[in-house]
Structure formats: structure tokens, C-alpha cells
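Student: Listed below, chain by chain, are the residues.
2 protein chains.
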Amino acid sequence: MNRRQFLGGAILIGSVAAADGTSAAVALSPASQGSAPLPFHGKHQAGITTPAQSRLLFASCDVLTNDRQELIGVLQEWTSAARRMTEGRPVGTDNTDQDAPPDDTGEADGLGPAALTVTFGLGASLFDKPGDPFTIVARKPAALVAMPTFAGDELDPARSDGELAVQACAEDPTVCFHAIRNLTRIERGVVALRWSQSGFGRTSSTDTAQTTPRNLMGFKDGTNNLVAEDTAALERHVWVGASDDPAWMRGGSYLVTRRIRMLLEVWDRSTLADQEATIGRVKGNGAPLTSTKEHDAVHLSATRAGEPVIPARAHIRLAAPEENDGTRLLRRGYSFTDGIDPVTDQLDAGLFFVAYQRDPRTGFIRVQERLRTDALNEYIRHTSTAMFACPPGVDPGGYVGETLFA
Amino acid sequence: MNRRQFLGGAILIGSVAAADGTSAAVALSPASQGSAPLPFHGKHQAGITTPAQSRLLFASCDVLTNDRQELIGVLQEWTSAARRMTEGRPVGTDNTDQDAPPDDTGEADGLGPAALTVTFGLGASLFDKPGDPFTIVARKPAALVAMPTFAGDELDPARSDGELAVQACAEDPTVCFHAIRNLTRIERGVVALRWSQSGFGRTSSTDTAQTTPRNLMGFKDGTNNLVAEDTAALERHVWVGASDDPAWMRGGSYLVTRRIRMLLEVWDRSTLADQEATIGRVKGNGAPLTSTKEHDAVHLSATRAGEPVIPARAHIRLAAPEENDGTRLLRRGYSFTDGIDPVTDQLDAGLFFVAYQRDPRTGFIRVQERLRTDALNEYIRHTSTAMFACPPGVDPGGYVGETLFA
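Going line by line, the protein sequences match chains D and X.
Numbering of the first sequence is given in the numbering used here, commencing with residue 1 and proceeding in unit increments.
Numbering of the second sequence is given in the numbering used here, commencing with residue 407 and proceeding in unit increments.
This is chain D alone, in the form it adopts within the complex (with noise of 0.2 Å):
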């Protein structure tokens, strides 16, 4: 091993989950170049419960077509490219052809997998569209239901909803470039973009091997998060159920995202202790205020003279289970920044909030609107929002939405 390749590449340890939610070590050499592919064919779609990576790419996207095979022939391709993509390889086959553009871009040539998920949803508008030109109004989800108005909304509907969704996930941004490129280089003319968001780094943890990452806040975000380990929770609150309608989205989920801007600047001019407050955690280790360590169990009812030690407006009081009627989101949300905005000239940053749920009206919505009195309110603006139902995951031979066309 010469310098070059002593430097070259960078040995990775990451942990990888199947698809139905096990996970397993895996230590990863650079000859690997980037890491060895996660799955892709499963019960449920990768991208959900797999080990957040470190990038987001995603992408919401309308469709030009009023074609029912047209939008099936979509869905199969984007599979397939997924599909290949997921294994590191080229989106088509024929990249070597003088006379003709590449199938593949070649932006991610040599990056490896990079374990990349490529999970795809549906959103309501395209059950909406005027006519039913997919046959498909009859089996929308009714769970896929407009967004009330929140506490904080300044939603620019030019980067909010959408007909497709792609969220690409991988630990090179180069790789997630890529997928959402390739995806919708190879539909042009029959798909459009329509907003895209990246994410930096991630905000929350989706397996008990993950150490707990810090929010644009300074807190440590998302230690009780949903976990992959824990299947008996993921069935109860993220898995479209065996008896749930419809019948199509059994083993699927409902996807959430909100971009989430942080008002930094006023949140920087805070003391600790209000910021404490605040959150309802220590910002240092990101113990709950009522204990000294990040995973102790949060305890609401505590009292020091006579008032709640967790107080009453605090962010985790409010989104906690037991304020919820046991509600619990996998969150697998992004850090972003996209340059100064215009009216404060401060850095415009945040969190895009990527939430997965067994059904939004008890999941995301039902905490959402507990949040109206959030003391972090005062420190954030919702400035995206869309839903989107994610069919279940596939076999070899299968595409991504293939039940709800069968």
C-alpha cells in the first residue's frame, strides 16, 4: 500500500440495517470504496429505519403526464435506477457510446454506495388530480389529509407539497446529488421538480448505535427517538398495519417533512437557562432537566417549589408520549443552511424535520397541534410543508407502488 492509496481513501464504520429492521456491524475497508450497499429490497422501503446517514438530498416533484402507464412506467424506472444506484452502480448500462449521452452522469463514479437509500412517496395531490387520470381517487389514503395551520406557519407553497417524493440519503452528498439527478434526468418531460432541500447533518439518531447529534440549536436532538431495534414500536407507530386501510399501503408509511427555519440570531441572544427552558433538556449532555444523563427517563410531574422543574411550555413536555395519547414519529431529520436571507441577513438555517408515522392525523398532526404553545415557538418558522404516503418495500422483480396499482 503506496501513500497515495494510504490517503486516498478513508476507512469507514458505520452500521447497516436490512430492511426489515435488523442491523448489523459492519467494518468497511477502503477497497470498498465508501461502504458496501445497504439493501434495498425488503418489506418495507430502506431510507425509513436504516441508521440515518449522514446527507440528505430531497425532492419533491410534480407529474407532466395524465398517462396511468405512463406514471407506472415512472415508478418502475425510478425503481430500477434506485435500485442499481443503492449498489453503487451506474443508472443505465450504456455509458461508453461516443454518439450518444451517457445513461449516467458520472458525478458519482468511484464513490461506491456510499449507503445510499433512495425511499420514494406519493403525495395527495397526486390522488387529486382533476379527472382521475390514474384511476387511483378511490384508494387514497384518508390518512393523507391536508395540513391543518400551525402555530409558526410561514409556508412558501413554491417549496411545500408535491405529486413524488425522493428522499436520497447517503454518507457522500455527491451520491445523494446524484440519485436525485439521475432520477429525474431519466423522466424528463413526464416528471418536473418542484422544490429540492438538502440536509447537512442529521439531527437524529434512528438506531441505539448511533451517537445523539446536535440541532443548529446547540441541544442534542432526538434521543427518544424511535429506534430500528425496536420493532414492537416501529409496528405500532410507524408501519402501515396488517388490518389498516388501505390494503396498498400495508407495510408502507406516511412521510412528514416541514422545514423548520431557526431564528438564530434571537435564539443566540438567549441565556442558557432560558434556552434550557426551553428545550427542557441541559445543553451540555442533553439530560432532561429533571436528572443528570442524556437517556434518564424525563420525569413531567417533578416539582422544586411548588413549580414543574420540566416547565410547562417546554418542548419536550409537549412532545413527549405521555402528552400525546403515547404518540411516538421516527424522526430522521436534517440540519440545513441555504444562504443569508434577505430581511435579517443572517445565515438562513434550520432543521428540515423528516418525520415517518403509522397515520399523520395521529402522529405529526396530533403532536403539531400540542405544540401551539411550544416555548421554542418563539425561536422557529415552519417555511415548507407536505405529506406523502410511502408504499411498501419490494421484492426483485418489483417496482415502488406497485400495490397501489395491482
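Simulated from the structure, these hints should not be mistaken for laboratory data.
There could be a bad hint or two in this list.
To be verified - Covered by chain D, according to a simulated footprint, are these stretches of chain X (three or more residues, beta-carbon under 8 Å):
{"#": "1", "segment": "499–508"}
{"#": "2", "segment": "581–595"}
{"#": "3", "segment": "604–611"}
{"#": "4", "segment": "619–627"}
{"#": "5", "segment": "665–675"}
{"#": "6", "segment": "678–690"}
{"#": "7", "segment": "742–754"}
As the list claims (entries may be wrong) - So, partial list: chain X residues that the calculated Cβ filter (under 8 Å) puts toward chain D:
{"#": "8", "residue": "Thr511"}
{"#": "9", "residue": "Asp515"}
{"#": "10", "residue": "Ala598"}
{"#": "11", "residue": "Leu599"}
What the hints assert, rightly or not - Away from chain X, derived, C-beta distances all over 10 Å, residues of chain D:
{"#": "12", "residue": "Glu87"}
{"#": "13", "residue": "Arg236"}
{"#": "14", "residue": "Ala297"}
{"#": "15", "residue": "Leu300"}
{"#": "16", "residue": "Glu323"}
Backbone N, C-alpha and C define an ideal beta-carbon position, used for all residues, glycine too.
Starting from the structure of chain D, add chain X where the hints point.
Tutor: Leaving out everything else, chain X in the frame of chain D:
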């Protein structure tokens, strides 16, 4: 080592460059929380010949004060904070006082140095301020000229130029964000953010130990870039020399940034032959069209059937030192993606070009004039431009820019 410890840390192997341009291989353990710090002090600022890290956040700022001492204070405080952050420490010492805002915003706590470098530059407009409030106009470098207009310019003034530049490069984008955020935060009211740019994948190597990356056109980029090991070439092309004026810039360098939007939808429709003729290299392995291996010499004079093998308008021909009086630049650019272009509905993405040189008039400007007929111009648009004088490096007691104010 339990499973959490085993999986929680990534073993990174990288190369570390001293500020004098030498570099050394280091293997970093999980216990180092990301990586060992890069040197902050030296003859030159870090972040120029430092092996290009994988992530960038670049910020351009304007100065709100007209007080010379206050401007000096900004540079002193920025130097002090950058020194601390480079070592993986918080920007200030008081992060536990409950009744005050923490000195550090906290999001990088636990991420370690992550190979952070922070590089500062001074824009022409700082010297040109009406009334010369800082008493520096007489010391303005002649090299800091107004940028000519070039082919393909579609420049947005709101994200061009600026009085102070901060280039934060690291292996972790959260560490880059933390650096820019905290530097602007500690000067709130004195310095205002003007524009920023995130970069997600380096598009140049600045060290022979690094593998050549690909840009978003799918081609290997920067094969013949200047590298840290070639100290003679750096002295000639990058560092302001011992006999160059002004004296305060000796040991420094001039920085040019260009946000180059790639018209990827057009590029992706062109044939492989067109793409390779446009660049002058083989897409697959990066070899010049006159040869078979990436690092083979480029034979500009080679012909086939009477035509030059590397076409007359090929990018590598027009950018070659032989075609530009021997001019060479140290490039350390990054890929970017900034959402969807509302006009084309395509990903707004491309190359954030970053180059260091001894004199922009005989550096970037010289080459860019030559690129007026570049075949690549059909596929790119320059949307931002900026130029900065980056002062020399400092000792532990100094501050970046001290030679200007001495």
C-alpha cells in the same frame, strides 16, 4: 470497546498540511473525535495549500463600522476565535453561566476539529470606502483590480464581492457552519453577512496524496492542479513574494471565487464525444484525449487526420499553462446545489470555483480572458464573482491582517 463505541466513531485517515506547505500523513482514532487539529499558525494562512477538505461554507461580509480600531478588533477577535475552533474548542470560555447566552452556539460540541481551516480575505471595497475611514487606501494592493466582464457572466451583485471573506473548510459541514455562524455572531452590529455559499464535494486536489475528484459534469477535475508538495511552483504562482508590493501582503495570496452554474440539462443531452471534446479529456478515467492515463502529459500539438486531437476550443487547451504564459492557479473549488431554478425547473447546481494566486491580473484574469472561446461556455453561467486579498499567516500572538495595520 462496546458496540456503541465501535460504531459511534468513524476512523478517518487523512493528510495534514503544516502552514508552511509541508504535509504529513496521520491516522486518526475514534478517540480523537473526528480528527487531529490542523495547524492554524505559520507563514501562510491555513486553508490554501491545506489538502482540500470535503466540505466548504464560504461567507462574504460587509463592515458596518467606520472606526479603524473597531475593524482591527474584528480581525483580532476573528483570529482568536478561528484559532480556538481550529483546535476543536468552543469560541469562548463561558458556556455554563445560566444567566448569560453561552459564548459558543454549541452545535459542533463533540465533533472535534474535523480538519477545520478558516481563511480570511479583504475585498477591494474595504479599501475604497468613502473617506478612507480605516486609513488603508494608500496600502490597497494594485492586484485588487475590478474584475473584467467575461463570456457567460450572469452575475448577481447581491451574491458577489464583499469587504471581508471567511472560507471555512472541514471534513464535517456542521463544523463549517459553526465557524461561520460564530464568527459573524461575535461581530453582530459591526459586520453583516452579505452572501454565503455551501460546497458539498471538493472538485480539486491540493496534495498528491488526494485522489482526483469529479465535478458535476462527471469529469475528473483538477488533475494538473498546483499541489502543496510543489513548493517552487507555489512560490512562483500562489504566494505573494518577498519583492512583491505591497509589503504587507508578502506571504499572502489573492483569492478569486466564481459561482459557476452548470446547465446540466443541456450537458446531459450532449453525446459522450461532445462532452470529451469540450473538456479535452476522457470522461471515464480522466486521461487527456492524446493519451490513456489520467496523469499523462497533455500533448496539445498532437493531430489526427490533420485536426488537433485536443480541439482548438477544448477547455484543457485554453486553460493550459502553455497557452497562458505559464500561468497556474491553485484551485480548491466545491460542487454546490441550491434548490430548483424557477425558470428551468432544474437543479440549480454547479461549481463554486475557488482559486488562489500571486496576482489575479496574471492569474485568474489572464486565464479567463483566454477562456472566452472555451467550448465549455455553452454549458455554464457565472452567477457570482469576488476577489479578496488574503494576508499572510500569523504567529500565536498575532492576528490576520496585522501587517496591513502595523
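Student: Hint by hint, say whether it matches the structure.
Tutor: Results for each hint:
1. 499–508: holds (count 8)
2. 581–595: holds (count 6)
3. 604–611: Since three or more residues must qualify, the claim that chain D covers the segment 604–611 of chain X holds, with 3 doing so at under 8 Å.
4. 619–627: holds (count 6)
5. 665–675: Holds, because 4 residues of the segment 665–675 of chain X bring their Cβ atoms closer than 8 Å to Cβ atoms of chain D.
6. 678–690: As far as the segment 678–690 of chain X goes, the hint holds, because 6 residues have Cβ atoms under 8 Å from chain D.
7. 742–754: holds (count 8)
8. Thr511: holds (5 Å)
9. Asp515: holds (6 Å)
10. Ala598: holds (5 Å)
11. Leu599: Check passed: Cβ of X/Leu599 comes within 5 Å of chain D, closer than 8 Å.
12. Glu87: Given that every Cβ of chain X is farther than 10 Å from that of D/Glu87, nearest at about 19 Å, it holds.
13. Arg236: holds (25 Å)
14. Ala297: It holds; D/Ala297 is separated from chain X by about 19 Å at its closest Cβ, greater than 10 Å.
15. Leu300: holds (22 Å)
16. Glu323: Per Cβ check, D/Glu323 is outside 10 Å of chain X; nearest 26 Å; holds.
When each numbered hint is compared with the structure, no violation occurs for any of them.
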